[in-house]
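Participant: Put chain B on the given structure of chain A with help from the hints.
There are 2 protein chains.
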Amino acid sequence: MNHVSPATDLDHLFRPRSIAILGASNDPNRISGRPLRYLLEGGFKGGLYPVNPNRETVQGVKAYASLADVPEVPDVALLAVPAALTEQAVVECIEKGVRAAVIFSAGYAESGDDGLLVQDRIAATAKAGGLRLLGPNCLGMFNSNIGYFGTFTQSLDREIPSPGPVGIVSQSGAYGSHIAYLARKRGIGVSYWITTGNEADVDVAECLYWMAGQSDIKVIMAYVEGVRNGPRFRAALALARRNRKPVVMMKVGRSEVGAKAASSHTASLAGSDEVYDALFRQYGVHRAATTEEQLDVAYACTRGIFPQGNKLGVVTLSGGAGVLISDSAERYGLDVAPMPEAAQKQLKELLPFASVENPVDTTAQALNDMSLLSKNIHIMLEQGGYDALIGFFSTVPSTRTLSAPLRQAITDGCAAFPDRLVAMEMVTDEETVRSYEKNGFLVFEDADRAVLALSALTRFGTAFENAGSEAEDDIAAAAPLATGQVSEYEAKRILGQAGIPFLDEKLVNAAGAAGDAADAIGYPVVMKIVSPDIEHKTEIGGVLVGPGDRAEVMASYDTLIARAAEHCPDALIEGVLVAPMAKKGVETIIGVSRDPVFGPVVMFGLGGVHVEVLKDVAFRHVPFDKAEALSMIDQIRGRALLSGVRGAPPSDVDALADVLVRISAFAAAHRDNIETIDLNPVIALPAGQGVVALDALLVPLSRIGA
Amino acid sequence: MNHVSPATDLDHLFRPRSIAILGASNDPNRISGRPLRYLLEGGFKGGLYPVNPNRETVQGVKAYASLADVPEVPDVALLAVPAALTEQAVVECIEKGVRAAVIFSAGYAESGDDGLLVQDRIAATAKAGGLRLLGPNCLGMFNSNIGYFGTFTQSLDREIPSPGPVGIVSQSGAYGSHIAYLARKRGIGVSYWITTGNEADVDVAECLYWMAGQSDIKVIMAYVEGVRNGPRFRAALALARRNRKPVVMMKVGRSEVGAKAASSHTASLAGSDEVYDALFRQYGVHRAATTEEQLDVAYACTRGIFPQGNKLGVVTLSGGAGVLISDSAERYGLDVAPMPEAAQKQLKELLPFASVENPVDTTAQALNDMSLLSKNIHIMLEQGGYDALIGFFSTVPSTRTLSAPLRQAITDGCAAFPDRLVAMEMVTDEETVRSYEKNGFLVFEDADRAVLALSALTRFGTAFENAGSEAEDDIAAAAPLATGQVSEYEAKRILGQAGIPFLDEKLVNAAGAAGDAADAIGYPVVMKIVSPDIEHKTEIGGVLVGPGDRAEVMASYDTLIARAAEHCPDALIEGVLVAPMAKKGVETIIGVSRDPVFGPVVMFGLGGVHVEVLKDVAFRHVPFDKAEALSMIDQIRGRALLSGVRGAPPSDVDALADVLVRISAFAAAHRDNIETIDLNPVIALPAGQGVVALDALLVPLSRIGA
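The listed protein sequences correspond, in order, to chains A and B. Sequential numbering of the first sequence, starting at 1, is according to UniProt numbering. Sequential numbering of the second sequence, starting at 1, is according to UniProt numbering.
Chain A on its own, in the form it takes in the complex (with noise of 0.2 angstroms):
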């Protein structure tokens, strides 16, 4: 990881031993009151200095005349003072040697150009004085472990959060606060929740690496607009797969509306969604549509359980809903996979009327007698090989006779398989859902909804499996190419060095030497015009397919050279390309271009209309291995062309993963100057023969500036 810095420093920020509070309000309900009541309220331990010079104390806290006077120096300031105000409270942190600021105010990037330049400015003098920033126009953060609540969120004004297993990082306050009550609602605790607002120096990813170290969090939820640091964002990213933190991530402005509004909002860059896609999927992030689902997989995450496997278990009391979790099961990539015959007739011995094979239905004859569920959860647990269970029942752990035997029938039924998980689908009140969890099962009302989190889930698992198999970012920086246009010819050599399979090539200059190299390829051959001039030969009359012997070739050389002098008689001409015709294959498209956020992407797609009209195409971030690579093919809608369809033979989609893998170490490399690879197309032959690419362009980024 040589692009992040260790964020040790924000632990200042985060979890200070000491607070100033620049313009504390005496008044509670303020804004500018709120942070001492909540700090008072969640019984912050360490040193708290309110700052107001009009005061000598501030909710019964003594205040001081100015940071100055404060006997310590603070780890971190709480700055609630108007905008007008705040340059100059900068300065004075940075005069008292704190290290670490909170910038609740806004009125800067987000309202204009006169704002970003004021705050521009203070970042800067921040930055020079060795301060840390949060904000501007942010709601703060708290850390709930040692009761630092620095924040005038009005969403804990009726109840300060309790410390648990999720940290929350968010570019909106406003979102931010949501989900952090929407978590507290549902019974989760939140230890870490920081809002980065305008982000004029700590941003997301920051907060993002530095939440992946905590120990005491199981699971992240973020809100994401836009990142400012593209290989930050990464490394955090890729940090907290390591530490099998799973990040359950709303990344919002997916849409052109949305997009649009998300840049008005905090004034930051939206980048393609596409690019942001292709990297959740690449580290294992799950992105969560709808906050719903953001909780859903959230909650089911402080579990602590990841199966790399994906076999689900289905027990219900009725055949419907058994259907209805299959389907969702499928929708979301679950395998409801049968159970081995010997355990069904065991299952069948128990309930005659059951079905047995998955999902299992018992019937509610099996709440006449509850040894019998036991024994059917028992068995599926043992003998099904299921990676997770899910019950569906329905209002009757609400039904006042069978509430409590229900439940100790699924305890028992799960008691020898502690680690296995566990999730019920329950109409009920609160208290019987906390009693459940108590016991270790998920519980969730809806069962499509608990499905989607167990299929997430297993995504974690097979993420934070593959974890060690990324060699990203040891791929030393290259030496630069060399700037200005590259010929096709110049192209395929120095891609054809990093061992992407071309064509046997001739470059030749004069018409005898081209029948000499279409004698020694074999007829017919491919004749094209070389230039660095002519990025689109094929609109000059500068491809001719076919000739079929040696006066063929010599003619054709002439009539390339006469057509080039013809339509574009200032380009260079470098001679013609004497080629092998293509062998028959599955044309591809594999590219790379670059993201203003986070460099090159390696792009593949099937070639003619699938990626042009009908998008179908996949994204990866460089470099990656082969098993991305691979999964990358499986994306695309058309990989079914790719395994042999109307008669033809599979593709060699092996070799075409290792060309992926090929292009994305070379992408890496050069990662700061390329502006734009195009393989096009590439020719998937038959499993076995390879593929080879039959055009490349090559385009250094330094061009753009020339």
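No false leads were slipped in.
If chains are identical, the list can't say which one is meant, so a pair holds when it fits in one copy or spans any two.
As a list, the in silico DSBU-like pairs of lysine-lysine whose alpha-carbon atoms are at most 30 angstroms apart:
| hint | residue 1 | residue 2 |
| --- | --- | --- |
| 1 | Lys45 | Lys185 |
| 2 | Lys537 | Lys583 |
| 3 | Lys615 | Lys584 |
| 4 | Lys537 | Lys584 |
| 5 | Lys185 | Lys438 |
| 6 | Lys615 | Lys626 |
| 7 | Lys345 | Lys311 |
Treat the hints as calculated values from the structure; they're not laboratory data.
Facilitator: Okay, now just chain B, sitting in the frame of chain A:
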């Protein structure tokens, strides 16, 4: 509607004036005791006749030793007797002159062949005796309007349902109970609730038809595993649409495991999921993916407002929420259209820091002066042209000081627009939710769920509006097609008469005649062997493309005849087709196939890999109109290929839709004697030039039996 007899005799079943309960138990908690208990708790006012030979009274009600002793002919008999006694009970019902009975007991078709045999026998007896049956293996039904609870479902254990705007029809008793309970929990009354079980007689289609005719419900929720009578089901959906009753459908069995589980559950025929999907799309049924979605949409329907437009106004206190909602809106097809410029100016004057385009982010400033929020909402509703408005308020409605003023402000803002659809995202207690609902607002805890529900309402609005345009089933059944194999030439003649455009082709029987035909058509031509016995001509070299002069045409004639003789010596050869070369355009495929439940469906897709490999196809039940044909074309993922891509002109989509309508009318007229029609390819020419089908295959149904 010529497929369905009126459902009036179901009134005996669903709206009885008197009820007999055979096998009524004195124990109100036993299965056979619960129906009487619920009827008593529900306050049923009609005749109530428990039949129990062992007791004078049952649960305090005078009992009768046999049905024969009951002093009147009850409208309905509830058979709470064991399976072994059911058959006799059915006979007694018929002897008494009872018109409808509910069979609770299981052990019939769902338990195997023996059970099916008994079930069929009972059904036949009932039919002969004029007795309608609900069940067996069902939980019964209720009509809460008259306190009629003909069910033993445990879910009424705690509370008897109140009447309300919802009707529920479910093939699964457990699922039906589940959603009825969830509806109640959400404060929505359910007037009718029917579970159909094994459907020995009354099926889900008939119940839906009956419900679609009830004026006192606003929305129908249904759970379906498989349909027995396709045309009746379709007629029910058509009636619901005509009567402006939204149907919110949970059709399970989409997945392979799910479909298998469904068919083992109630032994019903699953049918193709795509065919169900097409039907729901065509009749404006909302197919819910999850139970939560089903409840959300039904809940939203109870407002009774179904806008036809899809413009969504968004008002929030937080920029982040606005972005989130914009993403959701795009996902579900709603348009977050900008406010008019003038209105934006007005809003900006009210709230200088607000984003005013839409989403409108008032910022928390609006909370300081709630009248600003009121005015803001009023301006949006008055000038934005929005079909629906959503507000995001998170936990603010729960904030002690802000709760009441917020509700007042929102209510004031909407007061002038009582017919506008307004939904609120709020995280608050039930009482507060109900208070907003009383003022006409929909309330959701999750913004995405709110947007999904609003989008469903706009789709219902569009479907209801277009309900008049259907011409369905007005097409008289046509004279049966000839049985046996149909040659390409004959297929083209038949379909050509139905308005399908083909090339100007000539069937010839001699080389000279082929030359004459080609002279008339113009060179080059395409030539094909014609035989009802050769389905796949290309495989025997029976198609020659491009003969360019008279001599070549004459030689080609001989070649084709020789090839046919060689490969298919026994085939009847009708001659050789001489046709013009096809014009260039986009290849499409139009087909008709026969669904075992629903009859003919039309399929549309693009040629090449799109249908076969990418499965990019759309289906519709026949007949359908041009609007439906256009929506069918718009549905495919590769739609852009018809809009002119990569330099190609846009295709004649209008003419393509005409052909789809014509083939649908033809399939409808011949619904009982077509197995398959395959028009492949159908070339969509550039706009204004029409389409032309190059090949036709027509397989009459009778051929299957031949």
